[in-house]
Structure formats: structure tokens, C-alpha cells
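Going down the list, the sequences are from chains D and R. With the working numbering, the residue at position 131 of the first sequence is 131, and numbering never jumps. With the working numbering, the residue at position 87 of the second sequence is 87, and numbering never jumps.
There may be inaccurate statements among the hints.
Unchecked claim - Here are the simulated DMTMM-like pairs of lysine to aspartate or glutamate, each with C-alpha atoms no more than 20 Å apart in a straight line:
#1 D:K163 / D:D187
#2 D:K102 / D:D180
#3 R:K140 / R:E199
#4 R:K209 / R:D221
#5 D:K76 / R:E44
#6 R:K33 / D:D72
#7 R:K4 / D:D165
#8 R:K4 / D:E154
#9 R:K198 / R:D221
#10 R:K4 / R:D228
#11 R:K33 / D:E140
#12 D:K102 / D:D79
#13 D:K163 / D:D138
#14 R:K33 / D:E25
#15 D:K102 / D:E155
#16 R:K4 / D:E155
#17 R:K140 / R:E69
#18 R:K4 / D:D72
#19 R:K33 / D:E154
#20 R:K140 / R:E73
#21 D:K163 / D:D75
#22 R:K140 / R:D129
#23 D:K102 / D:D165
#24 D:K76 / R:E208
#25 R:K140 / R:D228
#26 R:K209 / R:D108
#27 R:K33 / D:E182
#28 R:K140 / R:D61
#29 R:K33 / D:D180
#30 R:K140 / R:D180
#31 R:K58 / R:D3
#32 R:K58 / R:E44
#33 D:K76 / D:E49
#34 D:K102 / D:E140
#35 D:K102 / R:D3
#36 R:K140 / R:E208
#37 R:K4 / D:D180
Stated by the list, open to error - So the derived label-pair ranges between C-beta atoms look like this:
#38 D:D187 / R:E199: 20 to 28 Å
#39 D:A181 / R:A64: 28 to 36 Å
#40 D:A92 / R:W153: 21 to 29 Å
Just so you know, the hints here were simulated from the structure itself, not pulled from any lab data. Note that this is a predicted model, so its numbers are computed, not measured. Just so it is clear, CB atoms sit at the ideal spot from N, CA and C, and this is done for glycine as well.
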Amino acid sequence: MTLTATTSHTVGPYYHIGLTWLNREDLTVAETLGQRVAITGQVIDGNGEFVNDAMLEVWQANAAGKYAHPEDDQDKPLDPSFEGFGRVPVDAEGRFRFTTIKPGTVPGLGGTTQAPHLVVLVFARGLVKHLLTRIYFDGEQANETDPLLACVPEERRATLVTKADASGVYQWNVVLQGTDAETVFFDY
Amino acid sequence: MTDKPGYRRPQAGTQPQYLHPPYQSTNLRSPSKPLVFLPHSLSEITGPTVGADRVQEKDNDLTAQHAGEPLGERIIIHGRVLDENGQPVPGILVEIWQANAAGRYHHDRDKHDAPLDPNFTGTGRAITDADGWYQFQTIKPGAYPWGNHHNAWRPAHIHFSLFGPSILTRLVTQMYFPGDPLLAYDPIYNCVPDTRAKERLIASFDLEKTIPHYALGYRWDIVLRGRDATPMEK
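Isolated chain D, as found in the complex:
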């Protein structure tokens, strides 16, 4: 039997009443292994204005590069204190901030290795289907050989890479639409 996946529709402007119960701005607990990273930024529309009714969801591997999921059969340790998922709200100025750990490298297709990254879903009024993007970390040597970054036009790769500011907080914006800095989104 072959069925067709149900059509996606927008979360609309009032999703908070249904979804914010799972909000989390810190994906870690005290016992979680790995280097803490705080990531902050703004969701911005095609006019350069902030989007105050967006929501992010983050999915990632643990510090050893292992996903808390049965499909991951790598011989790497699970971290029972790390689920790898966060639903992250934006504030009245479209700004988000969350804390997590930098994940390890994970396998890519065809025997490749993927650089440390987070998978990020973006939901908002006006997004009939959520967007999917990734966050990579500036300065990681593995970025040079990451199989997915290699598929992204070179001049756009920087939109996927977060950089730490002077205080060590990583900055990363989600630009939904724009001539220069539009974030790379994936056809998933």
C-alpha cells in the first residue's frame, strides 16, 4: 500500500497555546558531557524586520557524535542526560538564545564524515511548511570536508556557520529571505 503524506500547513500566529509547553532554552543538564555553547540570533524577514512569531526546533548528536535514536547503531556512548532536542522560542524582537553542547562528528553518506552540526527546523506564520537548515561551528577543521557544506554554493556557506563573539556567545541569524545573507535552507 502506498499513501501520500499529509499536506503541511503553517503553525499560524497562535501556535504558542499548543506548543510552548515543550520550550527549552537549555538542552543540557549538569551531568551532560561536552563543551557548552550558547547560540543566539534573530529571525529576520525579507524586509530586514524581525519575526516575533517564529519558533525553532533543534536536533543534534551528543558530544561523542551519537544520536539518542534507535537508527544510530554506531559503537559510541549514549549520554543518558542528553536528548538532543530543543524547542526554542523567539522573543518580542524575534531573538532566540539557547544553550547546548557542541556535538561530535557523525557519519555522512558513502563513508564520509560530517562536521559537528545541529539540524534546525524553523516554524512561523507565513511558513506553509517548516524550513530546515543547519548550524555548523566556525573554525572546525571538519567543515572543510563536510559532504553537505560541499553541496552549498561557496558564497552562501557562511550563513550556516555560527561564530563566537568576544564574550564567547555564538551568533547565528535566520534570514528567511534576502538578497545577500539569506540563510541556506534545504530541500528535505
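Place chain R on chain D using the hints.
Just chain R, lined up with the frame of chain D:
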């Protein structure tokens, strides 16, 4: 090493394009540059197992969250979550939210001049059972006006959010009611060209599920993306 199978790509016309001008909010929020094709690696065929431990048994009854009963037509919505291969999807989180019977959301940004109902929040959640079934008891939401165009009204709908076995099966959508004359005019309902895909967003009246002297039953099945049959080898 053999790669594990990815997920099926959308069938033509059944999933929306990001830019859908009749729905004005898409105009400044849709990407203008081409999407980059994403092969399905371990990062995509895995996903959060958000679930059972966070949901209470009564979280699926939106009529029992306050001291009194909400106003409106009491309904039961149930259905099955399947994947594109026809397999039930058990143990996943289903979240819903909706307006009250007057068409007003319990949300401070909703300025529609219709009454709030102190006995209705409009939020529910459930976990699918071993055969993929879910069920909610609620009240039928009202239609409400919005600013998209002159005399724009959203048809009555309930928002659904589902996880599933991977990050690629994540689905947020809306369920509608049969016979609603507003569907024909709604740019969100009409955001895909495939007529059958649209019609699958409409629940069907379910007399079997209807409880005499108490509540009307509706059936709405949901299909999440399914795995490709053949693993890719390199």
C-alpha cells in the same frame, strides 16, 4: 558501509511551495534562493523521541481542563497515524491547538471581537497507541476573520503537530470540517494544487464514533513520510 534508506520525497502537488502569494504572510517569509537538496544522512533519519513520559492521560480532553464545561458543540476527533507505506506509527506525540466555539484563540495576540471562554484553553496532546490511533475530545472551533484580504475568514480548523520516527517526519498541519463553505476561499487550505491532497485535510463525520446524547464523532487519518524501500549503496 551501506547507507540506510532515506525517506520518500513529496509527491508532486501535495506539499506547498514556500511562496504562495494569495497567503500574504508568505511574501516576505519565503526563501528567494534555491533550496539545496538534502541527502538523508544519519542526522535526518534520526529524530527526537518526544513523548509518552510527558503526556498525562487526560491531556487529550480539551473539555475537562477547567472548572466548568466549555461552550460549543462537543466533538470527538480520532484517527490513525500511518506512514506512506501504510504502516501504523505508534507511540508518537500529537499536539493540537484551536480557537474556541466563537472563533477566538486563548492568546493575547488574538484581537478578534468574539468572547473568550473561561472554560476553554484550546490545547491538547496525545500519544498514538500501538496501532497508531489517537483521540481527542474537544468542541468544534468557530470560523474567524483575519487580515489577509478583504472579508477574509479562516474555515473552522484544528492545528495538529506530530513528530514521528525521524526529524523528516515532523509534520505541522491543520484539520478541517466537512461541508465548510469557507474552504473554497481560504488561501491556506488552497496552498497546494492537488485536489485530493486538500480533501485529505478534511475530517469525515463518523456516526460510529458519535456518542448518543453527548458528542459528534469525526475521523481524521494522518500520513507521515515513509522510508524508501531500497537502501542506497555507494
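Going down the list of hints, with the structure as the test:
Of the pairs offered as hints, the one joining K163 of chain D and D187 of chain D is violated, with about 25 Å between alpha carbons and a cut-off of 20 Å exceeded. Taking the CA atoms of K102 of chain D and D180 of chain D, the gap is about 28 Å. The hint is violated against a cut of 20 Å. About 19 Å separates the Cα atoms of K140 of chain R and E199 of chain R, which keeps this hinted pair within 20 Å; it holds. Of the supplied pair hints, the one linking K209 of chain R and D221 of chain R holds, its CA atoms being roughly 14 Å apart against a limit of 20 Å.
With a CA separation close to 18 Å, the supplied pair K76 of chain D and E44 of chain R stays within the 20 Å bound. Of the pairs offered as hints, the one joining K33 of chain R and D72 of chain D is violated, with about 33 Å between alpha carbons and a cut-off of 20 Å exceeded. Our distance criterion of 20 Å between C-alpha atoms is broken by K4 of chain R and D165 of chain D, whose separation comes to about 38 Å. With a C-alpha separation of about 28 Å, the suggested pair K4 of chain R and E154 of chain D falls outside the 20 Å cut-off, and the hint is violated.
Restraint check for K198 of chain R and D221 of chain R: the C-alpha separation of about 13 Å stays at or below 20 Å, so the hint holds. Simply put, K4 of chain R and D228 of chain R have alpha-carbon atoms about 9 Å apart, close enough for the 20 Å limit, and the pair holds. Using a Cα cut-off of 20 Å, the hinted pair K33 of chain R and E140 of chain D is violated, with the two alpha carbons roughly 26 Å apart. Only pairs whose Cα atoms come within 20 Å are accepted, and K102 of chain D paired with D79 of chain D is accepted, the gap being roughly 13 Å.
At most 20 Å may separate the alpha-carbon atoms for a hinted pair to count; K163 of chain D and D138 of chain D meet this at roughly 5 Å. Only pairs whose Cα atoms come within 20 Å are accepted, and K33 of chain R paired with E25 of chain D is rejected, the gap being roughly 30 Å. Restraint check for K102 of chain D and E155 of chain D: the C-alpha separation of about 25 Å exceeds 20 Å, so the hint is violated. A threshold of 20 Å between alpha carbons decides the hint, and for K4 of chain R with E155 of chain D the separation of about 31 Å lies outside it, so the pair is violated.
Distance hint between K140 of chain R and E69 of chain R is fulfilled; the C-alpha atoms sit about 13 Å from each other, no more than 20 Å. At most 20 Å may separate the alpha-carbon atoms for a hinted pair to count; K4 of chain R and D72 of chain D meet this at roughly 10 Å. Restraint check for K33 of chain R and E154 of chain D: satisfied, since their Cα atoms lie roughly 14 Å apart, inside the 20 Å limit. Among the hinted pairs, K140 of chain R with E73 of chain R is consistent with the structure: their alpha-carbon atoms are about 5 Å apart, no more than 20 Å.
About 31 Å separates the Cα atoms of K163 of chain D and D75 of chain D, which puts this hinted pair outside 20 Å; it is violated. Of the supplied pair hints, the one linking K140 of chain R and D129 of chain R is violated, its CA atoms being roughly 24 Å apart against a limit of 20 Å. Distance check on the hinted pair: K102 of chain D and D165 of chain D sit about 16 Å apart at the alpha-carbon level, within 20 Å; holds. Taken as a hint, the K76 of chain D and E208 of chain R pair is broken in the structure, with Cα atoms around 50 Å apart against an allowance of 20 Å.
Restraint check: the Cα-Cα separation between K140 of chain R and D228 of chain R comes to about 37 Å, which exceeds 20 Å; the hinted pair is violated. With a C-alpha separation of about 34 Å, the suggested pairing of K209 of chain R with D108 of chain R is violated against the 20 Å cut-off. Of the pairs offered as hints, the one joining K33 of chain R and E182 of chain D holds, with about 8 Å between alpha carbons and a cut-off of 20 Å not exceeded. Restraint check: the Cα-Cα separation between K140 of chain R and D61 of chain R comes to about 13 Å, which is no more than 20 Å; the hinted pair holds.
Between the alpha carbons of K33 of chain R and D180 of chain D the distance comes to roughly 10 Å, so the proposed pair stays at or under 20 Å and holds. Proposed proximity of K140 of chain R and D180 of chain R is supported: the alpha carbons are some 12 Å apart, at most 20 Å. Straight-line distance between C-alpha atoms of K58 of chain R and D3 of chain R comes to about 41 Å, which puts the hinted pair past the 20 Å bound. At roughly 32 Å between alpha-carbon atoms, K58 of chain R and E44 of chain R are farther apart than 20 Å, so this suggested pair is violated.
Proximity of K76 of chain D to E49 of chain D is assessed by CA-CA distance (about 43 Å); at most 20 Å being required, the pair is judged violated. For the suggested pair K102 of chain D and E140 of chain D, the alpha carbons sit about 11 Å apart, so the restraint of at most 20 Å is met. The hinted pair formed by K102 of chain D and D3 of chain R fails the criterion: a straight-line CA distance of about 25 Å is larger than 20 Å. Restraint check: the Cα-Cα separation between K140 of chain R and E208 of chain R comes to about 18 Å, which is no more than 20 Å; the hinted pair holds.
A C-alpha spacing of about 36 Å is found between K4 of chain R and D180 of chain D, which places the hinted pair above 20 Å, so the restraint is violated. The hinted window of 20 to 28 Å between D187 of chain D and E199 of chain R holds, with their beta carbons roughly 26 Å apart. Look at A181 of chain D against A64 of chain R: about 48 Å separates their beta carbons, and that is not inside 28 to 36 Å. For A92 of chain D and W153 of chain R, the Cβ-Cβ distance of about 28 Å falls inside the hinted range of 21 to 29 Å, so the restraint holds.
In this structure, the hints that do not hold are numbers 1, 2, 6, 7, 8, 11, 14, 15, 16, 21, 22, 24, 25, 26, 31, 32, 33, 35, 37, 39, in rising order.
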